[in-house]
Amino acid sequence: MALDRKIAYINLTTGEIETKPIPISIRKKFLGGRGLDMYLMYNHIKPGIDPLGPDNVAFVSAGVLVGTLASATARTHIAGKSPLTGFVGSANMGGFFAPEMRWAGFDHLVIKGKAEKPVYLWIRNGEIEIRDAENIWGKTVTETQEIIREELDDRDIKILTIGPAGEKLVRFANVMTEIKNAGGRSGMGALLGSKNLKAIAVRGTMDLKIERPAEALEYNKRVITQVISAKVSQTQGRLGTPFIWGATNSWGGIRTRNFQANQFEYCDDIEPESIDEHAIGMAGCFGCQVHCRAKYIIPDGPYKGVYDEGPEYTAQGALTAEPGCKNLVNLLVGNHLLNMYGLDILETGSLIAWAMELYEKGILSDKDTDGLELRFGNDEALIEMIHRIARREGLGDILAEGGLRAAEKIGKGSIKYLIHVKGMSNLHSDERPTPALALGIATGSRGSDHLRSRPAIDLYGLPEPVLRRIYSQPVAYDGPISSHWRDYEGKPWEVRWQELCYEAVDCLGICKYHTIFLGPNFPNFEEWSRLLYYNTGLEMSPLDIWNVADRAYTMERLFNIREGLTRKDDWLVDRYFDEPTTRGVPAACGVTIDREKFAKMIDEYYEHHGWDENGVPHPETLKKLDIDKEPSHML
Amino acid sequence: MEQEKTSATTAEITAKGRTTGAVRCMNCMERIRPPLGAKTFKCPHCSFEWRISWPLPKFPRIRGPVWDVNRRLTEEAMSKKGKGKK
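Chains A and B are the protein sequences, given in the same order. In short: position in the first sequence from 1, add 9, done, that's the numbering used here. In short: position in the second sequence from 1, add 1170, done, that's the numbering used here.
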């Protein structure tokens, strides 16, 4: 059955490998993917360890529906203590790796210790081998995959790898697969690099037995109709995620020139329609009908003719508005380089934009930049800084340590200009006009996060009855609901609901674009209950799945508290409260986040979770979720 | 259980209210319907003007503001707001 895949414990120091089945009781509590990883993380990582030391543990997993007949079940999850923040490290990526890992017999890998020299893992139909990787150390993301496929003589092998940035322990290095599928945020690439683990190659031909195949197929057709009939999916399938840009930049929600404006004006050349002129088609991940990944060839300059994929909405902001660059070719080149190096695009672009503001304010000098004129709008400087960060050269070496460590090193009040939460940079969205989105980034378990709690549909002005219908299941909610994105009331519940919605998809292994993220009509708890039943036989109600998500999210909170997190970490930098926006539509212009109202939102958010005023889960909350005895060391 | 699994879900019910051929004005949030193929469209409710693109036939989306127009309108609104405060 689809639940018979195993967990493997791999010790890179000793070379020992052990495999175990996953008990159904644990499945029902955490399902798989991010949920079960959080259980494992809390149980296997000792408090206070160095995230780049051998005591950190890397977890690689597939969601419980991955590789089944359910759509868009492609997601791989990677976890560990974050080298960037010191809190929860967690990254999620699409592509084809996770389904192949399940077909090779495994749902979860627990990777401990540190190899003496570079190695990669070769996993094939239940067997795991640790192999020498000295010949691929230093290679880019795509070169690595090519060499391994050639070496093992199988073009169908799927590979998860780090690039040169992960090897150099850049604290925001990604784990990557294929060309641009990125397990970004929180530096999981650096974690693998610290273990001398260059890659994991998988190939599997072990069937996943679907519990009720005919019904699973039939029901999935209904889900596909639901997903592809959505306007969002159709637009995304045409323009990719950059389609979001049109709306957010129109009203004034784009963080520009680090944090100096909230709209990137007269930027027609980097709008999705302009990017689309260079696209040669769209690609999709395993089992997906949306196909949101653009394929392109760089049209000009030194990289002319090079193929890559994307750029995503994240790259669009990080490489244009934030550093103030309006050149399309530069965006495509920057995206390509970051993919090859295996660097987090969002973090890299944000930190370069921060450094540009420091340079323009005289905090960084020409001496600090080795003569590089690090001004906003300097396309060449942007590209040069990407190289320097990946190679840890000069100022790039300082930025490679992440914003907080870099600010400490640079000093001179530089921290005032850093846009982050918990040491992780914010997306290029400007949340000053939108309290709901601001609350989401402030409270995210892995740091500033637009992917783990964002109620993006809050921006659509949906009628209150529609919002109430969405947000009142699978648990009843009769508190305030507001249609306007400027309001504070009712938003903590939206954030809490989305948090568990996204946690649930990460446990199941489904892409976020197939749930209520960018559109209101997408599948969620009810549909997942049915998909789970038909594909795996697990009979879990929508409320049961909600409770799994709640349990897993609370485990993340427990992990963070154990690592020293307090209420003050669930907060925004002062600029959100002190510097009014200057652009956009009138409702978005001249506004800040109100400190007092924001603090009340946080109180309400904690109450919804069953946490006290310091953000610590009440004992009765832990008991209700059946995690009051953790760590229980069941796996 | 089977009955439960065949009935329309909340999301499917919500989808019945979906509109086509319209977009929301990014200023006043009213639904607006640009004429087929229009490259720009002024919101009849608030006068903000948008550049429109058509990713699919009969499928408009707001590409961005008509910069000079909307910037002027925002400045006028902010100026009034400032005067109101005094």
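Worth flagging that the hints you see were computed from the coordinates, not collected in a lab. Idealized CB from N, CA, C, for every residue including glycine. A couple of the hints might just be wrong.
[Stated by the list, open to error] Not close to chain A: a few residues of chain B, all C-beta gaps over 10 Å, as computed: (1) Arg-1188; (2) Met-1199; (3) Pro-1204; (4) Pro-1205; (5) Leu-1206; (6) Ala-1208; (7) Thr-1210; (8) Pro-1225; (9) Arg-1231; (10) Trp-1237; (11) Ala-1247.
[Stated by the list, open to error] Calculated lysine-lysine pairs in the DSSO-like style (CA-CA distance at most 27 Å, straight line): (12) A:Lys-240 with A:Lys-218; (13) A:Lys-606 with A:Lys-55; (14) B:Lys-1251 with A:Lys-230; (15) A:Lys-230 with B:Lys-1250; (16) A:Lys-606 with B:Lys-1209; (17) B:Lys-1209 with A:Lys-335; (18) A:Lys-577 with A:Lys-418; (19) B:Lys-1175 with A:Lys-606; (20) A:Lys-335 with A:Lys-230; (21) A:Lys-240 with B:Lys-1250; (22) A:Lys-230 with B:Lys-1186; (23) B:Lys-1209 with A:Lys-240; (24) B:Lys-1212 with A:Lys-218.
[Claimed, not checked] Among chain A residues calculated to face chain B with C-beta under 8 Å, some are: (25) Lys-15; (26) Tyr-18; (27) Thr-22; (28) Asp-165; (29) Ser-238; (30) Gly-255; (31) Asn-258; (32) Lys-376; (33) Tyr-486; (34) Gly-488; (35) Pro-489; (36) Glu-535; (37) Glu-536; (38) Trp-580.
Of all the hints given earlier, name the ones this structure violates by number, lowest first.
1, 2, 8, 9, 10, 11, 12, 13, 14, 15, 16, 19, 20, 21, 24, 25, 26, 27, 28, 32, 33, 34, 35 and 38
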